[in-house]
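Put the complex together from the two separate chains, hints included.
So the sequence lines, in the order shown, correspond to chains A and B.
Under our numbering, the residue at position 21 of the first sequence is numbered 21, and the numbers go up by one with no gaps.
Under our numbering, the residue at position 673 of the second sequence is numbered 1673, and the numbers go up by one with no gaps.
In short, the hints are calculated from the structure, not lab data.
Be careful, since some hints might not be right.
What the hints assert, rightly or not - The calculated lysine-lysine pairs, modelled on BS3-like cross-linking and capped at a C-alpha distance of 25 Å, are: (1) B:Lys1302 with B:Lys1600; (2) B:Lys1322 with B:Lys1302; (3) B:Lys1012 with A:Lys27; (4) B:Lys1042 with B:Lys1012; (5) A:Lys27 with B:Lys1091; (6) A:Lys27 with B:Lys1225; (7) B:Lys1225 with B:Lys1091; (8) B:Lys1105 with A:Lys27.
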Amino acid sequence: MNVLIFLIPVALALGLLGLYGLFWSLKSGQYEDLEGAAYRILQDDDIDRK
Amino acid sequence: MAASPDFSHFVKTDAEGRSRIDLAIDGITCAACLGDIETAMKRLPGVVNARLNLTSHRLAVTFDAARIQAGGLTGALEAIGYRAYPYEQRKVEADEAARFYLLLKCLGVAVFAAMNIMLLSISVWSGEGASMPPETRDFFHFLSALIALPAAAYAGQPFYFSAWNSLRQGRVNMDVPITIGVSLALALSVYETWRHAPQAYFDSAVMLLAFLLAGRVMDQAMRRKTRAAAGNLAALKGENALRFTPGDRETEENLVLTPVAALAEDDRVLVRAGERIPADGVIESGASSVDESAITGETLGKPVRLGDNVYAGSINGDGALKLRVTAAGNAALIDEAARLIDAASAARSGYVRLADRASQLYAPVVHLAALATGLTWYFFLGAGVHDALVVGISVLIITCPCALALAVPAVQAMASGAFFRAGLFLNDATGLEKIGEVDTVVFDKTGTLTLPEPRVANAGDIPPDLLDLAARLAHSSSHPLARAVVRSAGAAPALPDARETPGMGVAAPFGDGEAWLGSAAFCEIESPGAHADASAIFVRHGARWARLLIRQTLRPDATRVLDHLRESGLNIAILSGDRPEAVAPIARALSVESWSGGLKPAEKIAFIDERVAEGAKILMVGDGLNDAPALAAAYASLSPIDAVHLTQTQADAVFLGDRLAPVAAAIAIARRARALMRQNLFFAAGYNVVAVPFAMSGHATPLFAALAMSASSIVVTVNALRLRGPGKAVTHLLGEPKSSGNEPARKASSPKPVAAPSA
Chain A
1 MNVLIFLIPV
11 ALALGLLGLY
21 GLFWSLKSGQ
31 YEDLEGAAYR
41 ILQDDDIDRK
Chain B
1001 MAASPDFSHF
1011 VKTDAEGRSR
1021 IDLAIDGITC
1031 AACLGDIETA
1041 MKRLPGVVNA
1051 RLNLTSHRLA
1061 VTFDAARIQA
1071 GGLTGALEAI
1081 GYRAYPYEQR
1091 KVEADEAARF
1101 YLLLKCLGVA
1111 VFAAMNIMLL
1121 SISVWSGEGA
1131 SMPPETRDFF
1141 HFLSALIALP
1151 AAAYAGQPFY
1161 FSAWNSLRQG
1171 RVNMDVPITI
1181 GVSLALALSV
1191 YETWRHAPQA
1201 YFDSAVMLLA
1211 FLLAGRVMDQ
1221 AMRRKTRAAA
1231 GNLAALKGEN
1241 ALRFTPGDRE
1251 TEENLVLTPV
1261 AALAEDDRVL
1271 VRAGERIPAD
1281 GVIESGASSV
1291 DESAITGETL
1301 GKPVRLGDNV
1311 YAGSINGDGA
1321 LKLRVTAAGN
1331 AALIDEAARL
1341 IDAASAARSG
1351 YVRLADRASQ
1361 LYAPVVHLAA
1371 LATGLTWYFF
1381 LGAGVHDALV
1391 VGISVLIITC
1401 PCALALAVPA
1411 VQAMASGAFF
1421 RAGLFLNDAT
1431 GLEKIGEVDT
1441 VVFDKTGTLT
1451 LPEPRVANAG
1461 DIPPDLLDLA
1471 ARLAHSSSHP
1481 LARAVVRSAG
1491 AAPALPDARE
1501 TPGMGVAAPF
1511 GDGEAWLGSA
1521 AFCEIESPGA
1531 HADASAIFVR
1541 HGARWARLLI
1551 RQTLRPDATR
1561 VLDHLRESGL
1571 NIAILSGDRP
1581 EAVAPIARAL
1591 SVESWSGGLK
1601 PAEKIAFIDE
1611 RVAEGAKILM
1621 VGDGLNDAPA
1631 LAAAYASLSP
1641 IDAVHLTQTQ
1651 ADAVFLGDRL
1661 APVAAAIAIA
1671 RRARALMRQN
1681 LFFAAGYNVV
1691 AVPFAMSGHA
1701 TPLFAALAMS
1711 ASSIVVTVNA
1721 LRLRGPGKAV
1731 THLLGEPKSS
1741 GNEPARKASS
1751 PKPVAAPSA
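This is chain B alone, in the form it adopts within the complex (with noise of 0.2 Å):
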């Protein structure tokens, strides 16, 4: 195999002519490493400069590429023990960054601006009645509209677009009422300033925006930060395949390994024993059977030949198969899936998130509410144009949406905080509300209840040191039952001059004798007959042998975190691809009884279009390429990070590890945080039933609108930190050992060779 791959794909040239490439890194626990790395990279020959940020995880390299490859960067970081990967930075992150920065920058705009025009309006409410003389006054209020017109006009920007957008289609958004609230504030108080009045809201209505943005820094902080978590994870798993050079002949010494990302249609490539097939492709030569269970859910190899079409993430048998390469989407499975997911993501996008549906009952009361105001002050009170008018928009002023508007995105931050804390990864905001309601379970059964890959199914009745020696033989070996032997067993070194036998076994001398692990005839030993629905494999050593089972195995927490989900008052139920013989053991080491098996892309989503029809609001649960439409059709979903790529896309959040733990602490933190959110709106509710009598008996001093809406931001941002905990409690209940602080992605992504804890 060559020495390591060809990353040049990924490398870009400056314009000094230098070459340059991101790496996402892997294996960084603390703050040493930043030093090991830079120091390792920059002794290479050849490297101008390496940059590691500790925030991200990710090391920028500038070198000569003259001199050095891209491959040999790799390969020095791995020497000193840290997996790297070359990482393409996908346009969504670029964009969250962006996103990120805007908001900071209008942040600072209005906090500059809010203090500024606070240092003013305090002196004018102090001087007011005697001390200060109404020309300072309005000199003062003058400065203040200084300030605060541009500084508005610049940090509302956000909320600005997107009111407009919301407004565009027809709905209407939190933004919207926000928007308008500024707007008519710092009119009117041009309009008095104009006038000598003494009174101005410069003040409410910045600090309106400063708090506003507040909140959605926080949230967007935590959304990056989770991306680019997810980003790393796609780069690790680094998955390459071995390509003919194209255009030259296809002989064994044009086989180069290349990055999945760089494979281009038609290229041909090579799929050896046990490996991951890298693309869709036509096989071109070879014979093999292939494990589709992530595609299909089907655990039974399925035979191919000349012709057939493989698809991406399924793994390769005992033989050999030259690919073509397809582009992504002409497989008919994968357009079948893909209408299903259209006209069941159609169904479900009627959903309204929580903060727009408080807004569309705000907005028109508030309004209507100033309105009456202005108008009953104008002809029942017998007040003037102009102060009906003020009272009018004072009402305006105090309802302003702040503690509303905050009330969500505050619980929000730090619910995304919790989920990645628990390992989880939001796609979609909306998700957390949706999870939280969710009163069904339903599970994928191949890779969902069961760990994606097989392993020894009866490890525990195989005396320990014959596991161990089966363990050592198969690190000699790339075929499939040997890679799930290495996996269920601890770590161990490999024996010294083992011999493979291609489809057959591994032997090595071992002890006095000679050591045997492979198929029945492979070791000379009379087969005990065929299991129902494992593969058999055999290790022998002089007299002694042992049948080891490969089939898949149940998550470790699996039947836990089912039992915690059934007290938690949630339905359960299993629905696979699989064959029902399949599925019906599961079923019951997991006491479901809710199950079926054999099913169709469409028949799940048959059966939960049933069950909503039944008034369900189902979660669902899927990892391979037939749950994809069914998890678009579900209220809510989760799918496993090993997912395929289409499924993870549907998936609301995806959960990282072996365990199955995140799925409860999911629902757990996300029905706590809509607790909160719920909490936060009825406080907005009620502090405006409570202020708003003040601003309608023309009360609404700025004094009093300035106290008032600072007071319940705080009330709401400090209800939502309350959110810290509730995961934690789950992990702790499903004995989870302690989560390694806030690197849930290290801990997931390393032990894919030999150290994987035998669960």
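So that you can see chain A by itself, here it is in the shape it has in the complex (with noise of 0.2 Å):
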């Protein structure tokens, strides 16, 4: 049993991470333009100006 003093503070590790990503990517506006996004990655705009 002595394993759970890793595991849970393992598990609630994980979960507060992944807790933050959502509140980071609230902040960052990345729920701004679902549908935008999908399509910006296609787009070659960047390449041209190297």
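Here it is as structure tokens:
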């Protein structure tokens, strides 16, 4: 049962990491445009500039 | 005319001194538009950054105001085929967004907590009896409390606040039993943990919050999408006014095209023949006749002269007017309408939402049952105080209104999605329930049964080549009658070298001779006599000529929609502010027996009240300012998107496009939504009837509570998904071309100019 001492904090930490991810993505506007982001990745305009 | 309007009103300057403007864009059809628009913007000199939001169809541009004007941006967009207009974010929309993000955060926290507590709870349940020592179990309960308490405090905020607000107003809404249930479950679990008891309900409390929040996030996401689309539509109406630069001499050179939103009181504006009047005002010079059909429903022009009031939304006739803008609201007509609206909506506000009615019934029953259970165990079954308390609270936890509270929002989210696809925007969630209950539909005539703008009524009797010629000539004129001809005909290029004689007509060389469009005298035709209720305009080429009758025409599918509504068992009536002689032929064409014309707003209300006294539930469909009080008085209301602003805000939902089919769709969807809500509520009640005896007999283990709660929530949500379909069925029945996916906004707002399909 001693293994619980590691496992429970690890489970909690992973959960908190996910939660932090959600808050971060909300704050940085990741949910502003769900449709556009899917197409933006296909654009090549950043290649031309280099 | 100035090349592009003066948009400086909408431009904001950020901290680094750069200017920023938000534009609503019309005409975005696919993902490729994203690249087109952003590249076109970034190529312009002075543009720092441009970012298009493909979800809301808005473009944010940061630019250097010294190098490019905002008008240049919209000009460049127009050159590549997109209509753009500055967009000002309204407060409601910002509030909706903030609420959506709060709910999403709460959902995140609740799901995180539910997952981790479930991890611990399942270990406890599976280790029950043998393998898990009591110390480990207590430790797990303690950890659960550590996660659950802060998580529930954070994620429950939307419910706690709403429950508190409703209690303060002396009412009970669904959030009250939720709050009580969650708090008691947590309190009991903490107490049990402290006593080293074998059972705790942390997982139930947090999972309940997670399920409920998921329902609300769904609902809010749909509402936000609708709001954004409606905001774009409002912006893309993009009305401009010709304003004399304030403080300068009022000459032609000082006229600047200004967005209507930027007009202020005491500005002087020029309204040319055939233009829409941009704001309420007093005539300072000029005389004309105005078509106030958008305001009063009256289709005959009203002569106006110096000192008369004119209202925003009316159409100027054939004289130029100079107006002094007056603040909205000091116009007698609008005051009258506002007063009637206040009175009518006070009478109507008694409506209690289905979910609240259910919870008013539910809360006392459940709380009394829990109390009775506890007392019974204590007094008759010989349980101790603690055991009686535990059984009593477990009744509350089992009946926790999970399914009940999800029953309505889940259907609502689906229904507003279905409304959106059918070209309808819900203003108010209660509207959905009310539209589903109506048994009588009352239509206004002008602008509701008929198209808001007049068209050629006898297009079928005119040789197609002459009609086409008329449209090509009409392109060169801004006269209201010429505009109507353009709208009715298909796309055709303007004739070169056309000369307009103001107030008379247009002439141009065509073929081997001359072509005329205008009054009988202008075309040198002997007029065949005036027509009763239509304006006539003539087209002549050589010896051939035709008379075009211009009047309000019915919406293309009005007959079919009304037939369909009658078949669905609804009574139909027409109430119009227009002359009875103008209403009669329309009523006859639509075979509506109950109609009256020449009504004042108060008389419309009187008619509605009379029907209400007979027990009817009325859906009022209207667009004019004169309809606004009747919309407020009716049980439920709809208005077309072209309606005046005040009227739209009174309507429960607004519909788009030239067709009347959305009215039938709204009723069909709302009826189905109502049926599903009732099914869900009955299911939730049935679930409680089955589950409560378990809890009362003291068999409600945490495992049982968790299973019952998730199962019932999932059943209710899946049932709500069955709403998909009825809206499509109706539009199909009415022969509407397949709706273009999820973009009714684009469909409805684009075809203002030439390309209007001749219906």
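These are the hints, each one checked on the structure:
Taken as a hint, the Lys1302 of chain B and Lys1600 of chain B pair is honoured in the structure, with Cα atoms around 16 Å apart against an allowance of 25 Å. For the hint pairing Lys1322 of chain B with Lys1302 of chain B, the CA-to-CA distance comes to about 17 Å; that is within 25 Å, so the pair holds. Proposed proximity of Lys1012 of chain B and Lys27 of chain A is supported: the alpha carbons are some 22 Å apart, at most 25 Å. For the proposed pair Lys1042 of chain B and Lys1012 of chain B, the alpha carbon gap of about 19 Å is at most 25 Å, so the pair holds.
Of the pairs offered as hints, the one joining Lys27 of chain A and Lys1091 of chain B holds, with about 20 Å between alpha carbons and a cut-off of 25 Å not exceeded. For the proposed pair Lys27 of chain A and Lys1225 of chain B, the alpha carbon gap of about 19 Å is at most 25 Å, so the pair holds. With a C-alpha separation of about 15 Å, the suggested pairing of Lys1225 of chain B with Lys1091 of chain B holds against the 25 Å cut-off. Taken as a hint, the Lys1105 of chain B and Lys27 of chain A pair is honoured in the structure, with Cα atoms around 10 Å apart against an allowance of 25 Å.
The structure shown violates none of the earlier numbered hints.
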